[in-house]
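S.K.: Once you have looked at the hints, place chain S on chain Z.
Going line by line, the protein sequences match chains Z and S. Each residue of the first sequence is one higher than the one before, counting from 21 in this note's numbering. Each residue of the second sequence is one higher than the one before, counting from 8 in this note's numbering.
There's no promise every hint is true.
If you want the footprint, here are the derived chain Z segments under chain S, 3+ residues with CB under 8 Å [claimed, not checked]:
1. 33-39
2. 50-59
3. 73-82
4. 90-104
5. 107-115
In silico lysine-lysine, DSS-like type, Cα no more than 25 Å apart, as pairs [stated by the list, open to error]:
6. 58/S with 252/S
7. 58/S with 242/S
8. 469/S with 249/S
9. 36/S with 15/S
10. 36/S with 26/Z
11. 103/Z with 315/S
12. 15/S with 242/S
13. 315/S with 92/Z
14. 85/S with 48/Z
15. 105/Z with 76/S
16. 315/S with 252/S
17. 315/S with 114/Z
18. 410/S with 49/Z
19. 83/Z with 382/S
20. 103/Z with 76/S
21. 76/S with 59/S
22. 325/S with 111/Z
23. 59/S with 36/S
24. 56/S with 15/S
25. 76/S with 56/S
26. 93/Z with 315/S
27. 85/S with 49/Z
28. 48/Z with 315/S
These are computed hints drawn from the structure, not numbers from a lab. Cβ coordinates follow ideal geometry from the N, Cα and C atoms, glycine included.
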Amino acid sequence: MKDYWKIDEKLVEHIAAVARLHLTEEEKKKYASQLEDILQVFRQIDDVNTENVNPSFHPIEIKNRFRDDEEKKTQWDPLANTKHKEEGYFKGPKIV
Amino acid sequence: MIEIKTVKEFVENADSIDFDDFISSVIEKCEKIQSKYQPFITINKKHAKPKKGLIHALPVSVKDCICTKDLQSTAGSKILEGYMPPFDATCITKIKQQGGVIIGKTTQDEFGFGTFNVNSKYAIPKNPFDVERSCGGSSGGAGCITAAADFPHIAIAESTGGSITAPAAFTGTYGLTPTYGRVSRYGLIDYANSMDKIGVIAKSTYDIALMLSIISGYDPLDSTSADLAEQDFTKFIGKDIKGMKIAVPKEYFGEGVDKKIADLIWEKIKQLESLGASYEEISLPMTKYAIPAYYIIAVSEASTNLAKFCGLRYGLHKQLSGNFDEYFGSVRSQGFGEEAKRRIILGTYARMAGFRDAYYLKALKIRTLIIQEFKKTFKNFDIIAAPSMPVLPLKFSEIENLKPIENYMMDILTIAPNMAGIPMISVPAGLIKGLPAGLHLMADHFNEAALIKASSSLEGLK
Numbered sequence: 021m022k023d024y025w026k027i028d029e030k031l032v033e034h035i036a037a038v039a040r041l042h043l044t045e046e047e048k049k050k051y052a053s054q055l056e057d058i059l060q061v062f063r064q065i066d067d068v069n070t071e072n073v074n075p076s077f078h079p080i081e082i083k084n085r086f087r088d089d090e091e092k093k094t095q096w097d098p099l100a101n102t103k104h105k106e107e108g109y110f111k112g113p114k115i116v
Numbered sequence: 008m009i010e011i012k013t014v015k016e017f018v019e020n021a022d023s024i025d026f027d028d029f030i031s032s033v034i035e036k037c038e039k040i041q042s043k044y045q046p047f048i049t050i051n052k053k054h055a056k057p058k059k060g061l062i063h064a065l066p067v068s069v070k071d072c073i074c075t076k077d078l079q080s081t082a083g084s085k086i087l088e089g090y091m092p093p094f095d096a097t098c099i100t101k102i103k104q105q106g107g108v109i110i111g112k113t114t115q116d117e118f119g120f121g122t123f124n125v126n127s128k129y130a131i132p133k134n135p136f137d138v139e140r141s142c143g144g145s146s147g148g149a150g151c152i153t154a155a156a157d158f159p160h161i162a163i164a165e166s167t168g169g170s171i172t173a174p175a176a177f178t179g180t181y182g183l184t185p186t187y188g189r190v191s192r193y194g195l196i197d198y199a200n201s202m203d204k205i206g207v208i209a210k211s212t213y214d215i216a217l218m219l220s221i222i223s224g225y226d227p228l229d230s231t232s233a234d235l236a237e238q239d240f241t242k243f244i245g246k247d248i249k250g251m252k253i254a255v256p257k258e259y260f261g262e263g264v265d266k267k268i269a270d271l272i273w274e275k276i277k278q279l280e281s282l283g284a285s286y287e288e289i290s291l292p293m294t295k296y297a298i299p300a301y302y303i304i305a306v307s308e309a310s311t312n313l314a315k316f317c318g319l320r321y322g323l324h325k326q327l328s329g330n331f332d333e334y335f336g337s338v339r340s341q342g343f344g345e346e347a348k349r350r351i352i353l354g355t356y357a358r359m360a361g362f363r364d365a366y367y368l369k370a371l372k373i374r375t376l377i378i379q380e381f382k383k384t385f386k387n388f389d390i391i392a393a394p395s396m397p398v399l400p401l402k403f404s405e406i407e408n409l410k411p412i413e414n415y416m417m418d419i420l421t422i423a424p425n426m427a428g429i430p431m432i433s434v435p436a437g438l439i440k441g442l443p444a445g446l447h448l449m450a451d452h453f454n455e456a457a458l459i460k461a462s463s464s465l466e467g468l469k
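One chain only, chain Z, in its complex shape:
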């Protein structure tokens, strides 16, 4: 069984890459030690028996609701807040 509650700088570096964050060496060290503290408290959840308990993705019951399949136009310009646009499209960084 994996030890979910152990964290080190290498793992922080991996997580940061997944989350698209560039961290300095100092930040990696700091977050690793703080997360270790936090996870020590989080591990209390292991004490709770949740067998046969369903997860609550929302606090109240949510029902799917569908609107009629009719065309609706956006009422505003989606490009109004970007500096990176060209010919009515967003312009992004290189993918490959």
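M.R.: Relative to chain Z, chain S alone:
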């Protein structure tokens, strides 16, 4: 005209107001308050004539995470600096339809990540009771302007884990967090979408009830909006509380809770008893698991919600260079603050392959057990009473010395009701050594009426 201090008097006399004179004197007052206490990120100086409605010409401040058309909305984050929403959040549309005037955007912890409103590179609000102390967070600016304003005003705030209760308690104001789904989240910049609730901070229970009547109701633009008709919550003001049953959970008066605050809250419970309610002490044993379960859910949702901020469509932009990993990473590393990065890392970790069952799903199951515990309690009781916060407003110098986990533990009294999505109100309970403390009242899903009855009875409203 500005001699009218209460919202109730103001809305009853709104027709006799010279709007231009009134609003310019309000904005002038906001600027004076800003130089002293810093509640705003943006003060709005452009005002069209308001519509006639329930709150004609009433000044309303709005937490910065709620989108306001053509008025900067940053959610307290530098990654959204300069963002001008091209649309209004549903609650803002409703406020404007009823004649409300948006006077400014109030400061907050970045994306709501905090209990003391110190996690932001914008203005940090200072407590009007003592400027060396915090206003609470994350809706610190909303509490601050409500306490400091000497003109009629209501604040729109937002809570995920206690962000309305904490500032209301620390600033001696009323703060209502409605049931999850009661108020549309359309136009809210998400923190944790399964827990975010737009609510109200104000100087009186009447103001709270009036504003809730305006902003609540079904909205097809929010898939989690509750399918309930709009209603007038002011009709519950001053309603008899004879026979109301109050549960007092022992876990909310235990370790970590300032004894003086606990004593003051007991006085308020006895006051409710003298008004015709009865109380009984109970136990909510799941309480201690609420903090870890809440933070796991909150950071998991936050880390996905914050993925969209990458310097492409709005907010912080940089010169396009490098591949998308490099570009997005560089914008995000510059734009997010320290606490936001911490929560993104925690949340990404909790959702990673191999860890998801141990953390995220387990926490969601604990949420089920916490909801069940509340539901069981509300079979026998109308409301739960407890202190709002375990401590009096802390000094900034004290907050600086808290480790992140010690900081998270300060949410111990507000987390469980917030993750269960039940409604709650923080009611001013009085002063201890000149500093305010709050009484926290909680009720079953969609029973805001009980909270308004109890709060207005304590306030002495008829």
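S.K.: Now look at each hint and say whether the structure bears it out.
M.R.: How the hints compare with the structure:
no. : hint             : result
1   : 33-39            : holds (count 4)
2   : 50-59            : holds (count 5)
3   : 73-82            : holds (count 9)
4   : 90-104           : holds (count 9)
5   : 107-115          : holds (count 6)
6   : 58/S with 252/S  : violated (42 Å)
7   : 58/S with 242/S  : holds (24 Å)
8   : 469/S with 249/S : holds (15 Å)
9   : 36/S with 15/S   : holds (20 Å)
10  : 36/S with 26/Z   : violated (52 Å)
11  : 103/Z with 315/S : holds (16 Å)
12  : 15/S with 242/S  : holds (14 Å)
13  : 315/S with 92/Z  : holds (23 Å)
14  : 85/S with 48/Z   : holds (22 Å)
15  : 105/Z with 76/S  : holds (21 Å)
16  : 315/S with 252/S : violated (46 Å)
17  : 315/S with 114/Z : holds (17 Å)
18  : 410/S with 49/Z  : holds (15 Å)
19  : 83/Z with 382/S  : holds (20 Å)
20  : 103/Z with 76/S  : holds (19 Å)
21  : 76/S with 59/S   : holds (20 Å)
22  : 325/S with 111/Z : holds (12 Å)
23  : 59/S with 36/S   : holds (24 Å)
24  : 56/S with 15/S   : holds (21 Å)
25  : 76/S with 56/S   : holds (16 Å)
26  : 93/Z with 315/S  : holds (22 Å)
27  : 85/S with 49/Z   : holds (24 Å)
28  : 48/Z with 315/S  : holds (23 Å)
The structure shown violates the earlier hints numbered 6, 10, 16.
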